[in-house]
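Sequences and hints are given; from them, build the entire structure.
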Amino acid sequence: MNRSKRRTGRRHPLATAALLALGLVFTGGAYAAFSTTTAQAEPSPTSQETIEEGGKLFQANCATCHGLDAQGTNDGPSLIGVGAAAVDFQVGTGRMPMQMQGPQAEQKPVQFTDEQVKQLSYYVASLGPGPDIPADSLVNGGGDAANGAELFRINCAMCHNVAGAGGALTEGKFAPPLTDVSGVHIYEAMVTGPQNMPVFNDLNISPEDKRDIITYLQYVQDNRSPGGFELGSLGPVAEGLFIWIFGLGAIVAITVWITAKSN
Amino acid sequence: MSTATTQTPQRRTFTAAASNYIDERTSVSTFVKELGRKAFPDHWSFLLGEVALFSFLVILITGTFLTFFFQASMAEVEYEGSYVPLKGVEMSVAMASTLDISFDIRGGLFVRQMHHWAALMFVAAIGLHMLRIFFTGAFRKPRELNWVIGFVMFILAMGEGFTGYSLPDDLLSGNGLRIIDGMIKGIPLIGTWTSFLLFGGEFPGTEIVGRLYTLHILLLPVILLALIALHLMFVVVHKHTQYAAPGRTQQNAVGPPILPVYAAKAGGFFFLVFGVLALIASLFTINPIWNYGPYDPSPVSAGTQPDWYIGFADGALRLIPPGWEFVLFDRTWSFNILVPLVGLGLFIATVLIYPFIEAWVTGDKREHHIVDRPRNAPTRTAIGAAGVTFYAVLWAAASSDIIATHFKLTMEGVIHSLQALLFIGPIVAYFVAKRVCIALQKKDREIVLHGYESGRIVKLPGGEFIEVHQPLDEYDRWKLVSYESYQPLMIRPNARGKITVGQRLRAGMSRWFFEDRIAPVTKGELEAAHHEHH
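These protein sequences, in sequence, are chains A and B. Mapping of the first sequence onto UniProt numbering: position 42 corresponds to residue 42, and the numbering continues sequentially without gaps. Mapping of the second sequence onto UniProt numbering: position 202 corresponds to residue 202, and the numbering continues sequentially without gaps.
Just so you know, these hints were derived from the structure itself, not from any lab. Just so it is clear, the structure is predicted and the values come from calculations on it, not from any experiment. For each residue, glycine too, the CB sits at the ideal point set by N, CA and C. Hints are not guaranteed to be accurate.
Claimed, not checked - Capping the alpha-carbon separation at 25 Å, the derived lysine to aspartate or glutamate pairs in DMTMM-like fashion look like this:
id : chain 1 : residue 1 : chain 2 : residue 2
1  : B       : K408      : A       : E106
2  : B       : K365      : B       : E446
3  : B       : K141      : B       : E358
4  : B       : K87       : A       : E171
5  : B       : K87       : A       : D209
6  : B       : K87       : A       : D222
7  : B       : K87       : A       : E208
8  : A       : K261      : B       : E367
9  : B       : K87       : A       : E230
10 : B       : K239      : B       : D372
11 : B       : K479      : B       : E527
12 : A       : K261      : B       : E50
13 : B       : K408      : A       : D75
14 : A       : K173      : B       : E412
15 : B       : K265      : B       : E50
16 : B       : K141      : B       : E367
17 : B       : K442      : B       : E453
18 : A       : K261      : B       : E474
19 : A       : K261      : B       : D473
20 : A       : K56       : A       : D69
21 : B       : K408      : A       : E230
22 : B       : K442      : B       : D476
23 : B       : K408      : A       : D180
24 : B       : K434      : B       : E527
25 : A       : K261      : B       : D42
26 : B       : K443      : B       : E367
27 : B       : K443      : B       : E484
28 : B       : K408      : A       : E171
29 : A       : K261      : B       : E527
Said to hold, decoys possible - Here are some chain A residues the structure puts well away from chain B; computed CB gaps all over 10 Å:
id : residue
30 : A21
31 : V25
32 : S47
33 : P77
34 : T93
35 : G193
36 : N204
37 : S206
Structure follows, in structure tokens:
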């Protein structure tokens with residue numbers, strides 16, 4: 001009681017809290033303002049600063065295999081002319097820097113921030129002309145899903161499976177599942193042909209058709225199977241295993257129960 | 001029903017009157033009395049055939065529903081149903097009507113999924129039922145013909161499955177048909193003609209769905225139903241088999257009578273099977289044709305497989321090494337197709353006639369109503385294990401690509417391992433199974449003679465430690481000692497004093513079957529063992 005009396009005598013009991021809140025608002029506001037300014041300075045493809053930063057990242061993380069000037073070595077191909085799209089895909093999905101030499105680069109947690117990925121991309125883009133990172137309008141899924149589905153079955157399903165569940169290739173290579181790949185990465189994969197994938201250039205599949213394919217894949221990602229659990233969308237193999245193990249397993253358990261001797 | 005009449009003769013209940021009415025006009029009571037008093041030995045594995053039967057009933061019920069809405073036509077239409085990613089796509093009426101069943105008809109998707117899951121269950125239950133019959137030797141005289149009937153039904157069930165799988169005219173089923181078309185075309189001389197006859201022209205044509213539909217809903221089910229009736233009639237005629245136990249002989253069948261409890265149980269069991277299938281169908285997607293899209297001869301999806309029961313044939317095609325095809329006499333000889341066709345044909349034929357082979361080898365003309373425990377027929381069990389391994393390797397080969405991606409292996413590694421396993425696996429399985437059977441028989445013998453190890457260690461007055469063995473009670477012992485052990489046949493000259501090649505072959509086979517054997521414990525041995533212990 002005594003202590004509180006003394007406090008009320010000097011300042012309002014909530015003054016400390018108010019001061020703290022004020023401090024937080026200022027710090028937060030300043031941070032927000034600062035980050036807005038950095039957002040405004042998002043790496044632009046042409047800015048000299050971006051390219052320089054990207055160059056430094058490249059020297060530190062990529063040059064061992066791709067060479068100091070990205071000209072390629074025995075361990076990695078030349079990156080001159082692969083374009084920003086290739087780098088954005090490979091680094092942005094965590095395939096590069098590569099974990100180990102193998103049949104193909106495996107996905108792993110992404111190693112750089114989005115900003116750094118862009119800096120690297122534009123650095124490589126500055127070395128020679130190549131496919132650029134696609135515009136948002138092409139990858140946000142506003143196209144014709146039916147056309148995309150048909151194109152997907154004709155061009156993609158033989159490796160990636162009709163439902164985009166992935167599939168096997170020769171010698172340990174494989175087509176990865178497309179069940180949680182972003183639209184921009186799907187587009188970049190089509191134009192750059194990463195790992196063992198062929199390139200689908202704009203003459204082969206037009207940008208609008210690519211948008212339709214992405215629309216279809218996003219439809220499949222967003223709308224789960226109307227029939228219930230998909231069992232991995234792996235088709236009859238998963239279904240067969242399921243009926244033998246769980247279906248017939250349940251039935252056999254029931255037969256044992258029915259014929260059990262009652263006590 | 002008749003008891004109700006005798007208990008209350010003065011007051012005629014409606015049930016009694018009705019049964020009497022029916023009986024006076026159909027004499028059904030003799031039939032009910034006869035069938036109702038049939039004993040049905042109780043063992044869980046004896047219900048597997050019922051599972052197949054009940055799955056078939058579910059297939060009939062759901063299939064009838066599907067025929068109301070399915071249209072078996074290959075005319076081209078533009079899809080205008082509610083599944084967005086197929087809107088406006090050209091497809092056959094068959095595919096469009098299947099999509100309508102799935103998306104626009106109330107309960108359609110559920111019934112379609114139940115039909116398909118029940119089909120998978122049907123063939124799986126037949127498979128398990130056949131394995132039970134094989135490993136217990138229930139195919140021996142007098143049941144050889146019923147084995148053949150059952151096996152023919154297994155083949156027909158696969159035919160039913162495959163024709164049904166092909167009906168929706170989606171990408172997956174079209175790919176399956178293309179493989180069948182390729183296999184038919186691979187047959188020398190008649191292949192191409194047969195293919196054109198079947199498809200009404202060049203593949204895929206516009207006929208095949210309608211033709212398969214007729215097979216699927218008319219011809220095959222009718223043959224299946226007739227064979228089921230015959231199969232069950234034989235079960236009634238032969239009586240059911242039973243495991244050895246006190247009081248069970250080759251002349252009787254011990255178990256609860258069919259009426260009333262057993263029939264009620266079986267009726268309840270139907271609803272349990274129905275319930276399990278309904279549960280699976282409501283929770284798990286099967287054959288999502290909306291993903292596969294309409295059939296178009298150019299695309300093939302990764303992970304294209306047939307339903308599980310055709311997998312062994314697909315696997316056989318996958319395991320053939322490349323390059324087994326050459327041109328001779330101006331014709332292409334596709335041994336990459338002929339070898340699997342002939343190989344699988346031989347395998348199927350061997351399974352079909354196995355009862356006759358074994359009967360010939362044993363020379364046993366007696367009837368067998370008491371089934372073997374698998375361990376007591378080591379060579380048969382070993383042959384079965386080898387056959388199962390052979391089939392399982394082919395089956396696994398059909399999913400080689402999925403094995404490769406999911407276990408992070410190379411496709412080539414998987415294929416080469418399976419190629420080797422196809423030959424080594426059955427041999428290893430044969431010897432392992434045979435040794436395991438003989439070891440188990442030895443263990444049984446040991447238990448019969450000396451009882452169970454009780455784990456109780458006793459120190460004798462002289463200082464010696466012994467473990468007390470608990471003797472077996474007579475009921476348990478019966479199960480362990482009552483089996484037959486055959487001696488290898490002797491080569492004997494026939495009436496003309498000659499030893500034929502057939503005789504030699506038979507004696508050789510018999511030696512192979514019965515050379516390694518553990519004879520059941522005899523009464524004398526048992527008494528001697530008891531004597532020793534007391």
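Checked hints:
Restraint check for K408/B and E106/A: the C-alpha separation of about 11 Å stays at or below 25 Å, so the hint holds. With a C-alpha separation of about 31 Å, the suggested pair K365/B and E446/B falls outside the 25 Å cut-off, and the hint is violated. Pair hint K141/B plus E358/B holds up; C-alpha atoms about 10 Å apart against a cutoff of 25 Å. As the CA atoms of K87/B and E171/A are separated by approximately 38 Å, the hinted pair breaks the 25 Å bound.
A threshold of 25 Å between alpha carbons decides the hint, and for K87/B with D209/A the separation of about 16 Å falls inside it, so the pair holds. Under the criterion of a C-alpha separation no larger than 25 Å, the hint pairing K87/B with D222/A is consistent with the structure, at around 18 Å. Taking the CA atoms of K87/B and E208/A, the gap is about 18 Å. The hint holds against a cut of 25 Å. In summary, the hint linking K261/A to E367/B is not supported, as the alpha carbons are separated by about 29 Å, beyond the 25 Å threshold.
Pair hint K87/B plus E230/A holds up; C-alpha atoms about 22 Å apart against a cutoff of 25 Å. Between K239/B and D372/B the CA atoms are separated by roughly 16 Å; this keeps the pair inside 25 Å, and the hint holds. For the suggested pair K479/B and E527/B, the alpha carbons sit about 18 Å apart, so the restraint of at most 25 Å is met. Taken as a hint, the K261/A and E50/B pair is honoured in the structure, with Cα atoms around 19 Å apart against an allowance of 25 Å.
Between K408/B and D75/A the alpha-carbon distance is near 23 Å, which keeps this suggested pair within the 25 Å criterion. Distance check on the hinted pair: K173/A and E412/B sit about 11 Å apart at the alpha-carbon level, within 25 Å; holds. Note on K265/B and E50/B: the hinted pairing holds, with a Cα-Cα distance of about 11 Å set against a maximum of 25 Å. Between K141/B and E367/B the alpha-carbon distance is near 5 Å, which keeps this suggested pair within the 25 Å criterion.
In summary, the hint linking K442/B to E453/B is supported, as the alpha carbons are separated by about 15 Å, within the 25 Å threshold. Distance restraint check for K261/A and E474/B: the Cα-Cα separation of roughly 20 Å lies within the 25 Å cut-off, and the hinted pair is therefore satisfied. Our distance criterion of 25 Å between C-alpha atoms is met by K261/A and D473/B, whose separation comes to about 19 Å. A threshold of 25 Å between alpha carbons decides the hint, and for K56/A with D69/A the separation of about 11 Å falls inside it, so the pair holds.
Only pairs whose Cα atoms come within 25 Å are accepted, and K408/B paired with E230/A is accepted, the gap being roughly 22 Å. For the hint linking K442/B to D476/B, the alpha-carbon distance of about 16 Å falls within 25 Å, and the restraint holds. Under the criterion of a C-alpha separation no larger than 25 Å, the hint pairing K408/B with D180/A is consistent with the structure, at around 20 Å. In summary, the hint linking K434/B to E527/B is not supported, as the alpha carbons are separated by about 29 Å, beyond the 25 Å threshold.
Simply put, K261/A and D42/B have alpha-carbon atoms about 9 Å apart, close enough for the 25 Å limit, and the pair holds. The hinted pair formed by K443/B and E367/B fails the criterion: a straight-line CA distance of about 28 Å is larger than 25 Å. Of the supplied pair hints, the one linking K443/B and E484/B holds, its CA atoms being roughly 17 Å apart against a limit of 25 Å. Only pairs whose Cα atoms come within 25 Å are accepted, and K408/B paired with E171/A is accepted, the gap being roughly 11 Å.
Between the alpha carbons of K261/A and E527/B the distance comes to roughly 32 Å, so the proposed pair goes past 25 Å and is violated. Chain B leaves A21/A outside its interface by the beta-carbon criterion, the shortest separation being 50 Å against a cut-off of 10 Å. With a least beta-carbon separation of about 47 Å from chain B, V25/A lies farther than 10 Å from that chain, consistent with its non-interface assignment. At roughly 41 Å from the closest C-beta of chain B, the C-beta of S47/A stays outside 10 Å, upholding its exclusion from the interface.
Chain B leaves P77/A outside its interface by the beta-carbon criterion, the shortest separation being 23 Å against a cut-off of 10 Å. Separation of T93/A from chain B is adequate, the least Cβ-Cβ distance of about 18 Å exceeding the 10 Å criterion. A cut-off of 10 Å between C-beta atoms confirms that G193/A is not in contact with chain B; the least separation is 17 Å. Listed as outside the interface, N204/A is consistent with that label: its C-beta sits roughly 15 Å from the nearest C-beta of chain B, beyond the 10 Å cut-off.
With 10 Å as the threshold on Cβ separation, the claim that S206/A sits away from chain B holds: the shortest Cβ distance comes to roughly 18 Å.
In this structure, the hints that do not hold are numbers 2, 4, 8, 24, 26, 29, in rising order.
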